[in-house]
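Using the sequences and the hints given, assemble the complete structure.
Protein sequences appear in the order of chains U and A. In this text, residue positions in the first sequence follow the numbering used here: the first is 26, and each later residue adds one. In this text, residue positions in the second sequence follow the numbering used here: the first is 68, and each later residue adds one.
If you're looking for bench data, these hints aren't it; they were derived computationally from the structure. From the three backbone atoms N, C-alpha and C, an ideal C-beta is built for every residue, glycine too. Among these hints, one or two may not hold up.
Said to hold, decoys possible - Partner residues aside, some chain A positions facing chain U, computed with beta carbon under 8 angstroms: (1) Ile110; (2) Phe113; (3) Val130; (4) Pro133; (5) Pro192; (6) Leu200; (7) Asn201; (8) Ala204; (9) Phe287; (10) Ile290; (11) Tyr305; (12) Ser307; (13) Met317; (14) Ile324; (15) Val329; (16) Asn332.
Unchecked claim - If you want the ones that stay clear, here's a sample from chain U, every Cβ over 10 angstroms from chain A, calculated: (17) Tyr41; (18) Lys55; (19) Arg75; (20) Lys91; (21) Ile102; (22) Pro106; (23) Phe109; (24) Val142; (25) Arg184; (26) Ile191; (27) Leu203; (28) Ser205; (29) Ser240; (30) Ile256.
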Amino acid sequence: MRRLLLKIHDRFISLYIIIAFFVLWEVAPKIGWADPNFVPPFSRIVAEARKLTFLRLFIEASVSLKRIFIGFTAASIVALPVGFILGGAFPKLEKFLKALLKFLSQIPPFILFPVFVVVFGIGEKGIYTVIFWSAFWPVMFTTVAGVQGVDPLLIKSARSMGANNITIFFKVIIPGALLSIFTGMKTAMTMSFMMLIGAETLGADSGLGWLIHNSQSMGFIPRIYLAVILIAGIGLAVNYTIQWLEENIIIWKEAGHDKAI
Amino acid sequence: MIKQYSYSKLARENGETLRTFNTDAVKNFFKKINSFLYGSIAIILFFLSWEAASNYDLLPSSVVPPPTRVIAALAVSFKSGELVYHMKISLFRAMLGFLLAAFISIPMGFLLGTFFKTFERALLPFLRMLEKLNPFALFPVFMILFGIGNVEKIAIIFWVAQWPLLFNTIAGTRSIETNMIKAARSMGANKKVLFFKVILPAAVPGIFTGVKISAQVSFFMIIASEMAGSSQGLGWYYLSSSQSYQVPLMYGIILFITVLSVIINLLFTRLEKHFLVWKESSFQSN
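And the structure:
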């Protein structure tokens with residue numbers, strides 16, 4: 026019994042601090058450690074969430090997720106072939122363009138937002154482009170690195186066994202590069218989620234970033250905290266989903282690899 | 068550097084002069100310059116084609132001005148001293164926040180990574196959660212807590228710069244082989260000696276990886292936070308130029324910020340490499 030309790034204690038040791046944090050948040054403004062106007066107690070934030078209704082929050086969140094999904098998918102659709110072509114088919118061109126690509130990737134994505142407002146006008150396009158820009162580079166660079174990291178011996182041996190280019194691409198290069206690509210996609214997802222909020226605070230009429238921006242300009246302080254918590258929660262959920270996907274696909278890959286050996 | 072070291076040693080052993088070693092270094096140097104020139108060809112071509120495209124009306128020049136006009140606008144702003152003034156403010160804020168983070172989180176990382184392991188295990192998931200908080204979402208919270216101004220900007224930079232430093236320091240202290248610590252202890256090293264002779268040297272490469280990442284993040288975030296709310300700094304300068312439709316200047320500032328971030332990136336990558344090589348070569352000489 027004692028051991029079981031200890032085990033549970035060991036399991037939840039990190040949970041204590043998180044609980045303590047929220048308790049402190051609730052108590053500190055009430056007993057005067059913090060100004061309740063600027064740091065409202067946690068219960069008031071929950072009350073604010075009730076007032077806004079779950080549906081409203083869900084709509085804002087889904088608008089943001091839709092934007093991220095479209096931008097991220099578009100970036101992947103473009104970046105993956107570009108990465109495969111540059112890394113696999115034209116390594117010399119890749120070397121030639123490397124400095125330029127690195128230079129372009131250094132442009133902070135949210136800074137491009139006003140440019141796209143000038144070019145396309147205010148609207149969804151600017152936000153999509155920001156997400157596209159922030160997701161494109163990590164995916165492309167890691168695809169190139171992944172393709173170039175495939176063991177040439179594997180390609181040669183596949184070729185000597187009579188595999189044509191298409192078979193080599195699907196059976197050797199893609200499985201070999203997948204791990205690296207997934208790392209890039211994870212980075213791209215984190216980056217684009219971050220940039221999404223930035224872009225939405227700069228100019229949008231809906232979404233989580235807009236919720237923050239709007240409540241800031243209206244002075245609804247509890248709502249700001251609510252939006253921060255919501256964004257953190259959704260960010261964590263997105264992160265875990267990608268991690269879960271990665272783990273599942275990598276397991277499949279390792280199993281396939283074992284079988285091949 | 069490792070190669071050079073072993074090469075010179077080899078040369079000495081074979082009774083050769085060090086001249087071969089020197090030509091090797093010179094060759095390396097030329098190779099570097101060569102690859103630098105090779106890389107810049109693409110960049111130059113990019114700007115040339117941009118210039119040509121806007122001169123032949125392929126791009127609407129009111130929205131995408133040619134690079135010559137962009138550079139001219141940047142030069143005017145540079146001459147009036149405005150650009151340098153805002154750059155100084157941005158860099159000052161970023162540096163102060165970054166240094167503050169370095170002074171607090173590197174020692175924290177050491178403490179958590181070495182002496183307070185249970186505490187670290189309890190705290191780490193919470194810290195990871197805080198790290199994942201979206202900094203853009205936190206801007207208003209920082210504004211509420213600190214008001215808009217230098218303090219708020221420095222606090223934001225401190226917040227975003229501390230995580231890479233902290234986690235990389237912890238990872239660095241973890242990367243030490245336990246055998247090394249055991250060996251040092253069995254030779255009678257006390258905690259102080261253990262720290263300065265074993266833990267610190269082994270953790271330094273990890274720390275400098277963190278330093279590099281957080282320097283990049285600091286610069287990036289100072290621009291972002293100045294765009295979110297400020298009346299000074301490069302980010303604000305950029306936003307104000309875009310709001311007053313000074314389009315060439317706007318592109319010029321983007322170019323300027325990008326070049327600055329490339330410079331910061333290169334500088335800190337260099338620093339990181341220096342310490343990485345130092346670790347490897349010191350291991351080799353052992």
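Do the hints match the structure? See the list:
no., hint, in the structure
1, Ile110, "5 angstroms, holds"
2, Phe113, "5 angstroms, holds"
3, Val130, "5 angstroms, holds"
4, Pro133, "15 angstroms, violated"
5, Pro192, "4 angstroms, holds"
6, Leu200, "5 angstroms, holds"
7, Asn201, "5 angstroms, holds"
8, Ala204, "5 angstroms, holds"
9, Phe287, "6 angstroms, holds"
10, Ile290, "6 angstroms, holds"
11, Tyr305, "7 angstroms, holds"
12, Ser307, "10 angstroms, violated"
13, Met317, "7 angstroms, holds"
14, Ile324, "7 angstroms, holds"
15, Val329, "5 angstroms, holds"
16, Asn332, "7 angstroms, holds"
17, Tyr41, "7 angstroms, violated"
18, Lys55, "18 angstroms, holds"
19, Arg75, "21 angstroms, holds"
20, Lys91, "18 angstroms, holds"
21, Ile102, "24 angstroms, holds"
22, Pro106, "20 angstroms, holds"
23, Phe109, "20 angstroms, holds"
24, Val142, "8 angstroms, violated"
25, Arg184, "30 angstroms, holds"
26, Ile191, "31 angstroms, holds"
27, Leu203, "25 angstroms, holds"
28, Ser205, "19 angstroms, holds"
29, Ser240, "8 angstroms, violated"
30, Ile256, "5 angstroms, violated"
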